[in-house]
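Peer 1: Each protein sequence line maps, in turn, to chains A and B. Numbers 1 to 113, taken from this note's numbering, label the letters of the first sequence in order. Numbers 1 to 113, taken from this note's numbering, label the letters of the second sequence in order.
Think of the hints as simulated: they come from the structure by calculation, not from any bench. Don't be surprised by glycine CBs; every beta carbon is placed ideally from N, CA and C. Among the clues, some could well be false.
Stated by the list, open to error - Partner residues aside, some chain A positions facing chain B, computed with beta carbon under 10 angstroms:
#, residue
1, 31
2, 37
3, 58
4, 62
5, 100
6, 105
To be verified - Computed from the model, here is a short list of chain B residues facing chain A with C-beta under 8 angstroms:
#, residue
7, 11
8, 41
9, 43
10, 92
11, 104
12, 105
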Amino acid sequence: DVKVTQSSRYLVKRTGEKVFLECVQDMDHENMFWYRQDPGLGLRLIYFSYDVKMKEKGDIPEGYSVSREKKERFSLILESASTNQTSMYLCASSLDRGTDTQYFGPGTRLTVL
Amino acid sequence: SQQGEEDPQALSIQEGENATMNCSYKTSINNLQWYRQNSGRGLVHLILIRSNEREKHSGRLRVTLDTSKKSSSLLITASRAADTASYFCATESNAGNNRKLIWGLGTSLAVNP
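The following block holds chain A by itself, in its conformation from the complex:
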């Protein structure tokens, strides 16, 4: 079974802090994704990566950056956290193309005070 893990289930940070969210998948998937999920807005794609060191902006990349130094790990970075980045963050991976079945981690609920 594919396993996607995220570094924290719950995280509380202060405005202006730099925040790192880590995601690791164990199935040698090419594609990895970061979404945020907010009530009434559904899943919105922040960034995705289809290869090591490659990244593409999703629909809402502002205020975020990503890093993929190894195939199994995809990190989301909030350079200077703001209260409007309080959200559920979901990481996902897929094997071949980005539109194949996606496997999700359990999510990180981030609160920025």
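We have chain A already, so just place chain B on it with the hints.
Peer 2: Okay, now just chain B, sitting in the frame of chain A:
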């Protein structure tokens, strides 16, 4: 931007009844997927139906796809309390070189014991 739109937004049924959720989309697709999300958790893939398929079954799940109407339905038969969750459709556009899924806002299903 959202492509898939599920309806109803919320559905409440008794255990043993069938639950039907619908998804409409706007552009041509290669496939359509359904996912389930239990409260506060990551999404779990349920079923993928390709554009040349009309119906697909998996256990108590039945998915139909009508490309002429740009719509899909998910039927859960003999529902159980454990089916209580949010259900999302996701579409893959076949326009351009898309590597991402487009998500609906979900249907919240409550199955009452």
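Peer 1: Now tell me if each hint is right for this structure.
Peer 2: A quick look at each hint next to the structure:
Here the hint on residue 31/A is kept, as its CB sits about 7 angstroms from the closest CB of chain B, short of 10 angstroms. Taking 10 angstroms as the C-beta cut-off, the interface hint given for residue 37/A holds, the closest approach to chain B being about 9 angstroms. Interface restraint check: residue 58/A against chain B, minimum CB-CB distance 7 angstroms, threshold 10 angstroms, status holds. Given hint, residue 62/A at the interface with chain B, is violated; its Cβ is 16 angstroms from that chain's nearest Cβ, farther than 10 angstroms.
With a cut of 10 angstroms, the hint placing residue 100/A at the interface with chain B holds, because the nearest CB-to-CB distance is about 8 angstroms. About 5 angstroms separates the beta-carbon of residue 105/A from the nearest beta-carbon of chain B, less than 10 angstroms, and the hint is met. Look at residue 11/B: its Cβ only gets to about 17 angstroms from chain A, farther than 8 angstroms, so that hint breaks. The beta carbon of residue 41/B comes within 6 angstroms of a beta carbon in chain A, closer than 8 angstroms, and the hint placing it at the interface holds.
For residue 43/B, the interface hint holds, since its Cβ comes within 8 angstroms of a Cβ in chain A; the closest pair sits about 5 angstroms apart. Nearest Cβ of chain A to the Cβ of residue 92/B: about 4 angstroms, under the 8 angstroms cut. The hint holds. A least Cβ separation of about 7 angstroms between residue 104/B and chain A falls short of the 8 angstroms threshold, and the interface hint therefore holds. Restraint check, residue 105/B versus chain A: the minimum CB separation of about 4 angstroms is within 8 angstroms; hint holds.
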